[in-house]
Amino acid sequence: MESNNASQPLPATRCVIILNAALAAGKAANAAAVLALTAGQRHPALVGASLADAAGCRFPGLISVGISVLSASAASLCRFAAQAAPNLVDCVVFPRDGQGTTDYRQLLDAVAVGHFENMEMSGIALIGDKKLLRSMTAGLSLWS
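The working numbering runs 217 ahead of the 1-based position in the sequence shown.
Treat the hints loosely; a few may be bogus.
[What the hints assert, rightly or not] Have a look at the derived ranges for each label pair, beta carbon to beta carbon:
#1 Lys244 / Val282: 17 to 27 Å
#2 Arg296 / Ala272: 26 to 36 Å
#3 Ile280 / Ala239: 43 to 53 Å
#4 Ile280 / Ala242: 16 to 26 Å
Rather than coming from a laboratory, the hints here were simulated on the basis of the structure.
Just so it is clear, the structure is predicted and the values come from calculations on it, not from any experiment.
Virtual Cβ for every residue (Gly too), placed ideally from N, Cα, C.
Using the sequences plus the hints, can you model the full thing?
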């Protein structure tokens with residue numbers, strides 16, 4: 218399920234990562250990293266200017282709008298993802314099957330035989346209008 222055309226992501230002013238509240242710390246860190254990497258690839262405009270120290274050492278830019286990392290129940294993650302497309306929000310999903318294999322082909326196969334509504338998610342990333350994302354996620358707490 219894609220919330221919009223994969224080659225033309227919508228303009229983004231905010232990125233929110235919502236993790237499955239039941240994940241252990243290591244799995245949550247992994248899910249957040251996977252989601253952030255994909256969100257950054259889909260929305261390169263979120264990355265700010267390169268950093269430079271006083272000696273002129275340069276480093277790649279960081280996300281310029283920040284990323285809230287929130288938590289929700291497994292059931293809520295699919296509901297949030299389903300709300301994305303009608304609200305013109307880009308959504309990156311990370312099915313829990315992705316943390317059970319290092320073989321991407323196995324992940325593709327596992328996802329292909331299931332239905333989105335029944336997939337357990339490790340997390341999702343929502344990218345879109347700041348005001349809309351704040352209203353969509355208002356009742357969630359920071360992941361801890």
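Now for the hints, and whether the structure bears them out:
1. Lys244 / Val282: 17 to 27 Å: With Cβ atoms ~26 Å apart, the hint holds.
2. Arg296 / Ala272: 26 to 36 Å: Since the Cβ atoms of Arg296 and Ala272 sit about 49 Å apart, the hinted range of 26 to 36 Å is violated.
3. Ile280 / Ala239: 43 to 53 Å: Given a distance of about 26 Å, which is not inside 43 to 53 Å, the answer is violated.
4. Ile280 / Ala242: 16 to 26 Å: With Cβ atoms ~22 Å apart, the hint holds.
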